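Chemist: Protein chains in written order, with the working numbering: chain A, 1 to 633; chain B, 634 to 1008.
To be clear, the hints were calculated from the coordinates, so they are not data collected in a lab. Treat the numbers as computed from the prediction; the structure is a model and nothing was measured. Using N, Cα and C, we set each Cβ at its ideal position, and we do this for glycine too. Warning: the hint list may mix true and false statements.
Derived contacts from chain A toward chain B, CB cut-off under 10 Å, selection only [as the list claims (entries may be wrong)]:
1. Ala22
2. Ile27
3. Tyr34
4. Ile35
5. Gln36
6. Ala86
7. Val88
8. Lys108
9. Gly186
10. Gly189
11. Val190
12. Leu192
13. Asp196
From the structure, some residues in chain A lie toward chain B, with a derived Cβ separation under 10 Å [stated by the list, open to error]:
14. Ala25
15. Gly39
16. Gly167
17. Leu197
18. Glu271
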Amino acid sequence: MSIKYSSYSMIKRLLALVVLIAFFACIIVFRLFYIQILGGYSFVEKGLTQWLRDLPLIATRGTITDRNGVVLASSYTTYDVYVRPADVDDQEGVASLLSTVLNLDYGKVLEKVQNSGYSEIKIETDVEKSTVQQILNNYKYGIFFTSDTVRNYTYDEMLCQILGFVGSDNSGQTGLEAFYNTYLAGQNGVSLVEADLKGQTLPDSLTYYEDAINGLNLTLTIDFRLQNAVEEILSNAMASTGAKSVSCLVTNPKTGEILSVCTLPSYNLNEVPREDSSLLNSLSRASTIVDTFEPGSTFKAIVCAIALEEGVTTIHDYFYCAGYRIINGVKINCARRSGHGSQSLVNGLKNSCNCVFMTLIERIGVEKFYEYLKKMGFTDGFGIDFPGETAAVLMPLSTVTAPDLARMGFGQTIAISALQMVVGFGAVINGGYVYRPYFLKEMSTETGQIVYTSPVTTITKIFSEETSSAMRNMLFTVVDSGGGKYAKLEGYKIGGKTGTAQKYENGAIAQGKYIASFIGFAPYDDPEYVVYVVVDEPQGAYYGGVVAAPVAKSIFEKIFDIFETESTESESNQGEAIELPTFIGMTITEAGALCASLGLQYLVQGDGDYVTAQIAGPGSEVHKNDIVLLIFD
Amino acid sequence: MKILSLELKKKPKFNYVLFILMLLILIIGCIFVYSASFYSAEITYGDKAYFLKKQLIGIAVGIVGFFVFSKIDYHYLAKLKWLLFGISVILLCLVFVPKIGVTNYGATRWINLGFITFQPSEIAKFAFIVVSADILSKSESKVKSFKGILPILLIGGIFCVLIIIEPNMSITICMAMLVAVMLFLGGMKLKHFLILLVPAVLVVVLLIAVEPYRLKRLIAFLDPFASKQDEGFQLVQSLLGIALGSVFGSGIFNSRQKYLFLPFSESDFIFSIIAEETGFVGCLIVILLFIALFVTIIKVARNAGDKFGFLLSAGIASLIIIQVLLNISVVTGLIPPTGLPLPFISSGSTSIMIFMSMLGVVQNIHKNSLKSNIF
């Protein structure tokens, strides 16, 4: 078996070749083993993004409606038109269809359609559904659409600071749009399609499909009819007072629901002035909630209630006003420089006498006073469903001097938000309950199923019913015959308090700059509405009673109009009729006891020792819980 | 050895093992050419079976070639060697004649004869084996001297130069390896090998320096993921497909990479599709089939009637296995990407017809082995 024709061993060399080949084959097999079995390239998952093309399914943002379903903010869909050049069979046909329907230049569209360098090319954006339908009617392969939602605010400026606006990504940036963004936004879905390198969908491709979950619809506590009226009234007030800004809050003191809120000037939510960020920032601030100011005399209602609750005064209490008080060597004036003389508590409130409230707060003491503010949630916030709720700005307890405290008695040297004023005042007149204020009534799905209803939340009960009842009666007289008389509406029972605060700028009184305000409630014996009007820097007349009270009156008028609250006359035909006895000649103690025995309420006016006159007169027919006005002159 | 000699006493008529192995590999080729190409063929030619049909035509012609060459006495080829060499050189030059030469992907490797487009370099490889086998078998003593191997180097060099200027680096490398194998089997002294190695390395460095894209490819090969959108794209896609194959693969026809992700999935990178669809097990089967084919031809070489037959069949076996190993090395990222078809499997009719014809030659060598009874 030797090789006859060769001197070298051919077999050996052949074997060497086979061994060499086997060696290289082994390397290759090991290489395959490494890649396929040891997972040497375990980054294969990367391939998934290469093979699948995802088409986002955009969730529709929930609508925002008022408490009765009037749509305030909603989203509608626009479409973007794309062409996938790889999928187009008939380039000229696609170009002519799209250029005709979309009013585009045929040549430019054709150029895009023929551009195979991209998997998708956008032809047009923000196309309406009807246009899409037109294209679909003559559909040619290779045309695609994506949809996007656009936010629309039905009433442009209405509630602009409260509703807020959305960004280009459709997520809420300010206001309720931001606060409830998660719920409004819903969840985008996704559809994954298997595609080739060029993005063309494969035949029989397995697709992963997750439907979008549309956002929830919000129903607010706001009443559109009232809101509409308030905005109109405020805008008139803005014009007639020449004020820098006018705000109003209307709440339900029995629940904390905010029925209306408005601050002027406003801006159009559909044309947000994004180019001027400082202007936008100032216009979009919900200043009634996020900003503080010195409320002035309206705050006396809260001080008075604390004083009554603490027992440092009674409705029979008397005070003397010389037109000023000197406290620790600091002279603090009353609004009436000549003084109010001797006056009862109710007259002090009616006259808005600063001296009375300096005295009252002195009696309460700063610790107790601060404790009340804290309990009422002024220092921590109420937890309103709105971003950026501010806390009251209080001097540090240790630095409060007696004159500082005295000024707090009439609502200066203390800064609170309009919301705090409204909630605190609500507790004064609603029987003593501090309710958490809120905007959201309920949330529902797109099919109308209610998934959440805001509960009424009591933060604390701060005042007794007695205190509250006395406050209601007194505040009624303020409107009936005191400083708030410009808010008086014939036939309706409105109570309230005016305020005229001096504005401070850089620590000093800003001459001629005032905040005129009025806070009122109705009906006074069973309050259902609190209305707070703040006029910032009115020109000319600046007294709250003159500038703000008439605005509040117009608003009350609208409230009664809209909610058809029955007027005092028809409503008082309840309970048994009582023939009113005479109180003339009685002392306040005797008259008080008689009223109590008859189940009547009473108000005191004048500084005399004996009743000299009464309203209603003796023999009049009254009902239980009616008020008798006793005049001591 | 006794058993072996007993076997050899039988008259070998037809090497069925060779034929069956060839058919098996061809069938595998048809399946995967179709699997890898039906999607792109549908898009490009509107016919899913476009590449499969071309493949079947190539196989049909190849079968004819196989039987024709198995009938022709292989010694006849030795007489025709200069004709083969001349035709190869002419065809390789024709590539550069405008309108006949076809340029694709920046390389002019094909000539268009109107009814068929083919690569002359495929014929050149076969021509070289015939020429070198004949020269080496006739000048046994000369091989021992360095002078004696010069004709082989010259002929190999002419082919290499003509192929490299197309340019076609991979077939040049293949050709160079073939030159080395033929000289080795022909009995060249090993020290001559080492002497030749130095200029060979220099030439490779020069070739890389001349064409910057080769350097780019080389760098891309070292870290394909750095340029996975450009130079490294094909390799990354290939590795991805192989990795996905895992042990048993995604199943025949289930490749995802064929959806245009892997360029040349039906030709040079078809092994990646095989790896993806049949996994490690499938790869092993394919590699074992090629090894079996190689060993079968080597057996024929060992039993060849004369040294010409021995060198001719061993050369053919080497050419096949070299191309298989180079191709799979490229696909698995062991060596830088070059365009080299996987014999009998990759789409490409020239390659298939010539390889099948070469197996016909092997068949003839086998048929004539007992007559000479050299072993």
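Chemist: Which numbered hints does this structure break?
Modeler: 7, 8, 9, 10, 11, 12, 16 and 18
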